[in-house]
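Participant: As you go down the protein sequences, you meet chains A and B in turn. Per the numbering used here: the first sequence = residues 963 to 1383. Per the numbering used here: the second sequence = residues 1105 to 1354.
Worth double-checking, as some hints may not be accurate.
Straight-line distance between alpha carbons at most 20 angstroms, and here's what the computed EDC-like set of lysine to aspartate or glutamate pairs gives [what the hints assert, rightly or not]:
1. Lys1086/A with Asp1178/B
2. Lys1341/B with Glu1342/A
3. Lys1341/B with Glu1339/A
4. Lys1086/A with Glu1115/A
5. Lys1306/A with Glu1246/B
6. Lys1341/B with Asp1341/A
7. Lys1086/A with Glu1177/B
8. Lys1341/B with Glu1329/A
9. Lys1306/A with Glu1115/A
10. Lys1277/B with Asp1250/B
11. Lys1086/A with Asp1015/A
12. Lys1306/A with Asp1084/A
13. Lys1094/A with Asp1084/A
14. Lys1341/B with Glu1258/B
15. Lys1306/A with Asp1345/B
16. Lys1277/B with Glu1217/B
17. Lys1277/B with Glu1258/B
Residues on chain A that point at chain B, a partial pick, calculated with CB under 10 angstroms [to be verified]:
18. Cys1173
19. Asp1285
20. Lys1306
21. Asp1307
No wet-lab data here; the hints were simulated from the structure. C-beta atoms are modelled at their ideal positions from N, C-alpha and C, and glycine is treated no differently.
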Amino acid sequence: MSTSSPPSRRFSLPLRARLATTVGGAAGRASRLAGRGDGSVIGGVIGLRLKPDLLALLARGRQVVLVTGTNGKTTTTRLVTAALGSLGQQIASNAFGANMEAGLVAALAKAPDATLAVLEVDEKFMPAMLEKTGARVVVLLNLSRDQMDRAAEIWMLARRWRAALAAAPGCRVIANADDPLVAWAAGQARQVTWVAAGQRWHDDSWCCPNCGSHLRRDGEDWYCGECPNRRPPVRWVLAGDEMIDPTGRSRPLDLALPGRANQSNAVIAFAVAEVFGISATQALGPVRQVRSVAGRYTQVERHGCTLRLLLAKNPAGWLEALDILVPPPVPVLLAVNAQTPDGKDTSWLWDVDYRRLRGRQVFVTGERKLDLAVRLEADEVAFRMVSSVDEAVDAARSKSMEVIANYTAFQQIRAVLGRVG
Amino acid sequence: MDQDLGRYRPRGPSAVRLVWVFPDLLSTYGDRGNLLVLARRARLRGLSVEIAEVNSDQQVPVDGDIYLLGGGEDLPQILAARRLAAGGGLAAAARHGAVIFAVCAGYQIMGTEFGGAEGEPVPGLGLLDIRSSRGERRGVGEITADVDPALGVERLTGFENHQGVTRRGPEAKPLATVVTGVGNGDGTEGAYSGRVVGTYLHGPALVRNPGLADMLLGWVAGTLPPADPRQEDLVLKLRADRLAAQGVPG
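Assemble the whole structure, with the sequences as input and the hints as a guide.
Facilitator: Written out as structure tokens, the structure is:
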């Protein structure tokens, strides 16, 4: 590990770019002080307005890891950052999920001396951000239906990923081989590390992305009956609760974070660390210690009740969240909004199977609680509608409660509880 | 609306047979909702329900009562149309008087042709006299539409997300007239002919439109007794909420 600190990168930027990052940083501080958001985006927005190629300038000379996919971006970004920690270098990261260009700019501007950057990127913008940052590594986690009123259909998204990665021969792709759409999207990349990270949600991968025929599944394996497309050979494996590394050594993950989805994210983080010469043995400790990520999985006290906050934004995310609920009689609060960041269409509620909530105490809230109520009624789940978290806490009279919320509903609850975690 | 709908065919132990066609190909966003709503509303009337979910590598049974088709992206839509045409089960069921409720990509497949991945015409099943093609821009958002008065169903409320433009031939009637939103692109929304009904309201289109669900069930089971008002309360509130958000009272 190098002990001499790298020269400050800021002074290698042209004057206008330096000015753009300074003005942007001041705006970010002002935004934080004014209590509007965590201040990570506004600075980037202003900086980009002054200097549209700011991201490329800020990324120059750094090793950038981009993390994308429908679910797990923020958590995986955090796990990768933890795994790379043993390099002892400063790492730039948009740790709070601001994953569009302005958020990436803000993260890089805030850490001018960091030679490494781990950046989550919105799946729609990955191709453009790859081109601008010249990323060394791109991580593809999974691809499933999400906010289809504003996002492209996912097959179209996979096509764009595929073209972008084919055009970036110097980039190493870390891809989940168990997600056929992801595997296809990475299929023309020059360097790929395939990870058997599992796939809980199958409903968007019944068809071969290559030819449209019915995909066949045989245990973990998948293949197309009518074209050569099949699951690629894997280098890293999540098997039960254990990780198998490329040497074939198997060991328990024992994460502080709950759930199968986070085990997948962790194995992918180890595969990223390998690119930087860090062994799983080195990375395991820091990865295990990650407990909460941007408020997710945080436990908060409220009126004598311990609330655990779970974010779920789409059917695959809800499936994962329902998987990790502690068993009854602990009550559950579900919160759904349909603002622009959530997607204005609540149809996805009908892709989630809520039947496993039968027989436990369920509260529903959020701006679209009626949509959720009608959905639960169809699944014969008893529930009570409430207008706030506090109303649920007071009515439940329980020592703990599980909370699952979609994006803006989650942010609203965090605001009520005081921006925890 | 009554005369050409065929006879009510008495069934085994009065079960309504619901067939969800190709959920592996045609289910992009909550399409299961239509199945769940029909099953729930049938059971509320004391009817028993049998459900078959038929994937695209299976034969579509010919003896269902109501067939449901959902939305899909280009390649799955083309594959679904090809397999349905080759299998023949759905067309045979339609000839026997079965009810078909098709949304979005499924609606387009019911027609004589629709636009493929590059806009090229792809043959449909020809169960509805409609032709669809790709429009200039995507229609995304809430849609409300007034149903053909002959059908006796209240105003439709739903969400649409499609780029299709659909023109009707003389054999198909428009299902509804658009109040807000895009629909077929000419001010009408959806189409029906006999017992085949198609709509651009995507995904769980029947959730906010219980009257439309009851119409389909009534075509199969005869006049339905009214449902217990306590079981209707939330759905009616949701309808009112969504229609009010569009500024168009029910």
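Participant: For each hint, tell me whether it holds in the structure or not.
Facilitator: For each hint, the structure was consulted:
1. Distance restraint check for Lys1086/A and Asp1178/B: the Cα-Cα separation of roughly 19 angstroms lies within the 20 angstroms cut-off, and the hinted pair is therefore satisfied.
2. Proposed proximity of Lys1341/B and Glu1342/A is supported: the alpha carbons are some 18 angstroms apart, at most 20 angstroms.
3. Among the hinted pairs, Lys1341/B with Glu1339/A is consistent with the structure: their alpha-carbon atoms are about 13 angstroms apart, no more than 20 angstroms.
4. This hinted pair checks out: Lys1086/A and Glu1115/A have alpha carbons roughly 10 angstroms apart, not beyond 20 angstroms.
5. Taking the CA atoms of Lys1306/A and Glu1246/B, the gap is near 9 angstroms; set against the 20 angstroms cutoff, the hint holds.
6. For a cut-off of 20 angstroms, the pair hint linking Lys1341/B to Asp1341/A stands: about 18 angstroms separates their Cα positions.
7. Between Lys1086/A and Glu1177/B, the direct Cα distance comes to roughly 17 angstroms. Compliance with the 20 angstroms bound is thereby established for this hinted pair.
8. Restraint check: the Cα-Cα separation between Lys1341/B and Glu1329/A comes to about 14 angstroms, which is no more than 20 angstroms; the hinted pair holds.
9. At most 20 angstroms may separate the alpha-carbon atoms for a hinted pair to count; Lys1306/A and Glu1115/A meet this at roughly 15 angstroms.
10. The straight-line distance between the Cα atoms of Lys1277/B and Asp1250/B is roughly 13 angstroms, inside the 20 angstroms bound, and the hint therefore holds.
11. Restraint check for Lys1086/A and Asp1015/A: the C-alpha separation of about 19 angstroms stays at or below 20 angstroms, so the hint holds.
12. Between Lys1306/A and Asp1084/A, the direct Cα distance comes to roughly 18 angstroms. Compliance with the 20 angstroms bound is thereby established for this hinted pair.
13. Of the supplied pair hints, the one linking Lys1094/A and Asp1084/A holds, its CA atoms being roughly 14 angstroms apart against a limit of 20 angstroms.
14. As the CA atoms of Lys1341/B and Glu1258/B are separated by approximately 14 angstroms, the hinted pair is consistent with the 20 angstroms bound.
15. Proximity of Lys1306/A to Asp1345/B is assessed by CA-CA distance (about 14 angstroms); at most 20 angstroms being required, the pair is judged to hold.
16. Proposed proximity of Lys1277/B and Glu1217/B is supported: the alpha carbons are some 17 angstroms apart, at most 20 angstroms.
17. Restraint check for Lys1277/B and Glu1258/B: the C-alpha separation of about 17 angstroms stays at or below 20 angstroms, so the hint holds.
18. Taking 10 angstroms as the C-beta cut-off, the interface hint given for Cys1173/A holds, the closest approach to chain B being about 8 angstroms.
19. For Asp1285/A, the interface hint is violated, since its Cβ never comes within 10 angstroms of a Cβ in chain B; the closest pair sits about 19 angstroms apart.
20. Interface hint at Lys1306/A: satisfied, since its Cβ lies 7 angstroms from the closest Cβ of chain B, which is below the 10 angstroms cut-off.
21. For the restraint placing Asp1307/A at the interface with chain B, the shortest Cβ-Cβ distance is roughly 5 angstroms, inside the 10 angstroms limit, so the hint holds.
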